[in-house]
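Heads up: the sequence shown begins at 9 in our numbering, then just goes up one per residue.
No lab work stands behind these hints: they were computed from the structure.
Just to be clear, a hint being listed does not mean it is correct.
[Claimed, not checked] Derived pair list, reagent style SDA-like, types lysine to any residue, alpha-carbon separation capped at 25 Å: (1) K143 - I127; (2) K143 - L257; (3) K229 - M164; (4) K143 - S154; (5) K57 - G85; (6) K56 - F80; (7) K251 - H76; (8) K176 - E256; (9) K56 - L78; (10) K42 - P77.
[What the hints assert, rightly or not] Pair ranges (Cβ atoms, derived): (11) H76 - K229: 21 to 31 Å; (12) S75 - A267: 22 to 32 Å; (13) D124 - Y26: 29 to 39 Å; (14) S266 - Q104: 34 to 44 Å; (15) S75 - D96: 42 to 52 Å; (16) Y26 - T234: 20 to 30 Å; (17) K251 - G85: 16 to 26 Å.
We put the beta carbon where it would ideally sit given N, CA and C, even for glycine.
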Amino acid sequence: MDAIVIAGGIPQPDEPLYAYTQGNAKALVDVAGKPMIQWVLDALSEAKKVDQVIIIGLPEDSGITYSHPLHFVPNQGGMLANLVAGIDTMLQINPQAEYALIVSSDIPAINGEMVDWLIESAMQTRHDIYYGIVKREVMETRYPGSNRTFTKLADMHVCGADIHIAHKTMTTDPEHLAMWEELIGKRKSPLKQAASIGIMTLLLLLMGKLSLDQAITRVTKRLHITGRAIIWDHAEPAMDVDKPHQLELLRADMDKQSAA
């Protein structure tokens with residue numbers, strides 16, 4: 009499976025991470041002696057089920073490496089546009105491709121075994137999208153104080169992972185694109201996303217009566233797609249870098265692991 013790595017984020021002067029990046033891409037900030045994205049690429053190199061990688065948002069002279077063919081696509085100005093460009097590029101390179109592995113550049117703690125597990129688990133069925141989630145207890149046990157945003161479902165509290173799998177058709181239908189644009193724009197607010205799906209979905213979430221299965225059914229029906237949640241036993245796929253304390257947490261953790 010080919011992978012699309014999203015690396016176009018550049019923190020602005022009014023954002024907390026600017027002190028660490030100083031106008032450069034967040035993907036290139038140092039974590040335990042490497043650019044953050046290099047850890048992600050190393051994990052994809054270790055994975056047995058990943059072939060070519062498409063980097064969205066970094067120039068070819070960024071100094072990053074990968075064990076298989078590596079392709080670069082300029083930042084398209086938005087997350088959805090970047091995904092569309094990534095899948096378009098994948099199909100130009102490999103017209104037979106069906107699914108793409110979508111990976112954020114700011115989850116440096118993942119490894120190849122985790123990547124292979126996701127692909128193996130997802131490809132046991134045929135859905136349009138596979139969305140990874142991590143339970144609150146898994147995240148807080150592995151990374152105390154990470155302060156993730158959790159969605160309180162009736163049967164569990166979860167946060168979203170930053171590595172997913174999508175069928176190529178997810179970026180070719182105009183109806184899909186309009187809803188994806190809205191949901192991605194509200195990705196930091198589970199309540200706003202629920203409202204986009206429908207008022208009843210929002211009410212069930214507010215009352216604590218929306219289960220994971222119900223959420224999947226409502227979202228996929230609204231989007232006219234099929235989807236499946238992948239529940240991770242590991243916290244690393246959801247441990248991304250949005251704030252300085254998360255960067256420092258990961259730096260300390262990975263420095264400790266490297267020393268060990």
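Cross-check of the supplied hints:
1. K143 - I127: 19 Å, holds
2. K143 - L257: Holds: K143 and L257 sit about 19 Å apart, inside 25 Å.
3. K229 - M164: The given pair, whose Cα atoms are some 22 Å apart, holds under the 25 Å limit.
4. K143 - S154: 13 Å, holds
5. K57 - G85: With Cα atoms ~30 Å apart, K57 and G85 exceed 25 Å; violated.
6. K56 - F80: 22 Å, holds
7. K251 - H76: 31 Å, violated
8. K176 - E256: Violated, at about 36 Å.
9. K56 - L78: Distance of about 16 Å is within 25 Å: holds.
10. K42 - P77: OK: K42 and P77 at ~20 Å, within 25 Å.
11. H76 - K229: 21 to 31 Å: 38 Å, violated
12. S75 - A267: 22 to 32 Å: 25 Å, holds
13. D124 - Y26: 29 to 39 Å: 35 Å, holds
14. S266 - Q104: 34 to 44 Å: 39 Å, holds
15. S75 - D96: 42 to 52 Å: With a Cβ separation near 24 Å, S75 and D96 fall outside 42 to 52 Å, so the hint is violated.
16. Y26 - T234: 20 to 30 Å: 40 Å, violated
17. K251 - G85: 16 to 26 Å: Check passed, 23 Å falls within 16 to 26 Å.
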